[in-house]
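Enquirer: Here the protein sequences line up with chains A and B, keeping their order. So for the first sequence, our numbering puts the first residue at 84; every next one is plus one. So for the second sequence, our numbering puts the first residue at -4; every next one is plus one.
If you are wondering where the hints come from, they were derived from the structure by calculation, not from laboratory data. Hints may contain errors.
Below, a list of computed lysine to any residue pairs in the SDA-like style, where the Cα atoms sit at most 20 Å apart [claimed, not checked]:
#1 A:Lys94 / B:Glu145
#2 A:Lys94 / A:Gly118
#3 A:Lys124 / B:Asp49
#4 B:Lys103 / A:Gly106
#5 A:Lys94 / B:Val24
#6 B:Lys35 / B:Val24
#7 A:Lys94 / A:Asp163
#8 B:Lys103 / A:Arg121
#9 A:Lys94 / A:Tyr158
#10 B:Lys35 / B:Glu211
#11 A:Lys94 / B:Gly167
#12 B:Lys103 / A:Gly102
#13 B:Lys103 / B:Ala171
#14 B:Lys103 / A:Val97
#15 A:Lys86 / A:Pro153
#16 B:Lys103 / A:Ile105
#17 B:Lys35 / B:Ser64
#18 A:Lys94 / A:Leu130
#19 A:Lys124 / B:Leu51
#20 B:Lys103 / A:Asp99
#21 A:Lys94 / B:Lys35
#22 B:Lys103 / A:Ala108
#23 A:Lys124 / B:Ser98
#24 A:Lys88 / A:Glu129
#25 A:Lys124 / A:Arg92
#26 A:Lys94 / A:Met145
#27 A:Lys94 / B:Thr212
#28 B:Lys35 / B:Glu145
#29 A:Lys94 / B:Leu169
#30 A:Lys94 / A:Glu129
#31 A:Lys94 / A:Glu119
#32 A:Lys124 / A:Asp163
#33 A:Lys124 / A:Pro100
#34 A:Lys94 / B:Glu211
#35 A:Lys94 / B:Asp147
#36 A:Lys94 / B:Leu197
Here the structure is a predicted model, which is why all the values come from computation and not from measurement.
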Amino acid sequence: MLKAKVHVRLKHGVLDPQGEAIGRALAHLGFEGVGEVRQGKLIELELDETDRPAAEARLREMCEQLLANPVIETYTIAFD
Amino acid sequence: MRAGVITFPGSNCDRDAAVALAAAGAKVVPLWHADTELPKLDLIVLPGGFAHGDYLRCGAIAARAPVMSEVIRRAAAGVAVLGICNGFQVLAEAGLVPGAVISNAGLKFICRPVDLEVVSTDCAFTAGYGQGQTIRLPIAHHDGNYVCGEDDLRRLEDEDRVAFRYVDNPNGSLAAIAGVLGTGRNVLGLMPHPERAADPKLGGTDGAAMFRALVETLG
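So here's chain A without its partners, still in its complex pose:
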């Protein structure tokens, strides 16, 4: 059993109003010196797999087919 973490992020240049809203809220709370804020997604999966390269290959397919939209998002895969 492997535990994987997939981070999905909006590509640079894709508008992120949620990130902007978070940035403004931080400023309202008095946190200074905060620049750009971007919000992504973390998807955690348990895989019935012990071989890391095989797991990574399967996760890539999952990302390409569902978890990330390649038009607007990029992804990274990490293991616990």
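Position chain B against the provided structure of chain A, taking the given hints into account.
Expert: The following block gives chain B in isolation, referenced to the frame of chain A:
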């Protein structure tokens, strides 16, 4: 003209679409997201709503629903497919139209009538309008901001596949695009709701011409 309207879990404009289609003379066939076989159809409609709660991304899970393999096959074979609002998001996620539909540039859910320019009349959906005509349809969305890559945008413009543009861009959409056609011109995705402007009781009838043109062209 036989029009199938797909209901996904969370679709809420399926009945309105069926009513507008029936009023235009179509025989409406209700379809279910888990259907793997479809009857003979002249038009397939993906209605508005919040399929799968917009979980993961708007339209993402619906685009991978069992029924979509057959919808994609039919689209490739030339059957007309109309995606309205959430349906447009599903078409983009399924690759039946280019690009993606993301969060509105402001942070608000926008719910009001907007003026649209009919950019292309070269398809069954817009054959009932005049080129350059301004029509008024309601929008009701939080994630209606159309984006696509430079190459896709160039292709859309060169091939006359931008169907509608907002006269006054409400949501930040690239090139004020409100609706686009797939490469075969038989698939249309648009964010505004023609079915909500298809009866005088609804406050507008500019959408009726789309359904009438579909019945006349595909019937």
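Enquirer: Does each hint hold? Answer for all of them.
Expert: Hint-by-hint comparison with the structure:
Distance hint between lysine 94 of chain A and glutamate 145 of chain B is fulfilled; the C-alpha atoms sit about 15 Å from each other, no more than 20 Å. Straight-line distance between C-alpha atoms of lysine 94 of chain A and glycine 118 of chain A comes to about 17 Å, which keeps the hinted pair within the 20 Å bound. Under the criterion of a C-alpha separation no larger than 20 Å, the hint pairing lysine 124 of chain A with aspartate 49 of chain B is consistent with the structure, at around 14 Å. A hinted pair counts as satisfied when its Cα atoms are at most 20 Å apart, and lysine 103 of chain B with glycine 106 of chain A qualifies at roughly 17 Å.
Proposed proximity of lysine 94 of chain A and valine 24 of chain B is contradicted: the alpha carbons are some 40 Å apart, above 20 Å. Between lysine 35 of chain B and valine 24 of chain B the alpha-carbon distance is near 10 Å, which keeps this suggested pair within the 20 Å criterion. Pair hint lysine 94 of chain A plus aspartate 163 of chain A does not hold up; C-alpha atoms about 25 Å apart against a cutoff of 20 Å. Proximity of lysine 103 of chain B to arginine 121 of chain A is assessed by CA-CA distance (about 18 Å); at most 20 Å being required, the pair is judged to hold.
Proximity of lysine 94 of chain A to tyrosine 158 of chain A is assessed by CA-CA distance (about 9 Å); at most 20 Å being required, the pair is judged to hold. Distance restraint check for lysine 35 of chain B and glutamate 211 of chain B: the Cα-Cα separation of roughly 17 Å lies within the 20 Å cut-off, and the hinted pair is therefore satisfied. A hinted pair counts as satisfied when its Cα atoms are at most 20 Å apart, and lysine 94 of chain A with glycine 167 of chain B qualifies at roughly 17 Å. Restraint check for lysine 103 of chain B and glycine 102 of chain A: the C-alpha separation of about 14 Å stays at or below 20 Å, so the hint holds.
With a C-alpha separation of about 17 Å, the suggested pair lysine 103 of chain B and alanine 171 of chain B falls inside the 20 Å cut-off, and the hint holds. At roughly 18 Å between alpha-carbon atoms, lysine 103 of chain B and valine 97 of chain A fall within 20 Å of each other, so this suggested pair holds. Between the alpha carbons of lysine 86 of chain A and proline 153 of chain A the distance comes to roughly 23 Å, so the proposed pair goes past 20 Å and is violated. Of the supplied pair hints, the one linking lysine 103 of chain B and isoleucine 105 of chain A holds, its CA atoms being roughly 15 Å apart against a limit of 20 Å.
Restraint check for lysine 35 of chain B and serine 64 of chain B: satisfied, since their Cα atoms lie roughly 15 Å apart, inside the 20 Å limit. A distance of roughly 27 Å separates the Cα atoms of lysine 94 of chain A and leucine 130 of chain A; the hinted pair therefore is violated under the 20 Å criterion. Taken as a hint, the lysine 124 of chain A and leucine 51 of chain B pair is honoured in the structure, with Cα atoms around 9 Å apart against an allowance of 20 Å. Between lysine 103 of chain B and aspartate 99 of chain A the alpha-carbon distance is near 13 Å, which keeps this suggested pair within the 20 Å criterion.
Distance hint between lysine 94 of chain A and lysine 35 of chain B is unfulfilled; the C-alpha atoms sit about 41 Å from each other, more than 20 Å. With a C-alpha separation of about 16 Å, the suggested pair lysine 103 of chain B and alanine 108 of chain A falls inside the 20 Å cut-off, and the hint holds. A C-alpha spacing of about 15 Å is found between lysine 124 of chain A and serine 98 of chain B, which places the hinted pair at or below 20 Å, so the restraint holds. A threshold of 20 Å between alpha carbons decides the hint, and for lysine 88 of chain A with glutamate 129 of chain A the separation of about 9 Å falls inside it, so the pair holds.
For a cut-off of 20 Å, the pair hint linking lysine 124 of chain A to arginine 92 of chain A stands: about 6 Å separates their Cα positions. Of the pairs offered as hints, the one joining lysine 94 of chain A and methionine 145 of chain A holds, with about 18 Å between alpha carbons and a cut-off of 20 Å not exceeded. For the proposed pair lysine 94 of chain A and threonine 212 of chain B, the alpha carbon gap of about 41 Å is over 20 Å, so the pair is violated. For the given pair, lysine 35 of chain B sits about 37 Å from glutamate 145 of chain B by alpha-carbon distance, which is inconsistent with the 20 Å threshold.
The hinted pair formed by lysine 94 of chain A and leucine 169 of chain B meets the criterion: a straight-line CA distance of about 16 Å does not exceed 20 Å. Taking the CA atoms of lysine 94 of chain A and glutamate 129 of chain A, the gap is near 26 Å; set against the 20 Å cutoff, the hint is violated. Of the supplied pair hints, the one linking lysine 94 of chain A and glutamate 119 of chain A holds, its CA atoms being roughly 14 Å apart against a limit of 20 Å. The hinted pair formed by lysine 124 of chain A and aspartate 163 of chain A meets the criterion: a straight-line CA distance of about 17 Å does not exceed 20 Å.
Between the alpha carbons of lysine 124 of chain A and proline 100 of chain A the distance comes to roughly 15 Å, so the proposed pair stays at or under 20 Å and holds. At roughly 43 Å between alpha-carbon atoms, lysine 94 of chain A and glutamate 211 of chain B are farther apart than 20 Å, so this suggested pair is violated. Pair hint lysine 94 of chain A plus aspartate 147 of chain B holds up; C-alpha atoms about 17 Å apart against a cutoff of 20 Å. Between lysine 94 of chain A and leucine 197 of chain B the alpha-carbon distance is near 40 Å, which puts this suggested pair outside the 20 Å criterion.
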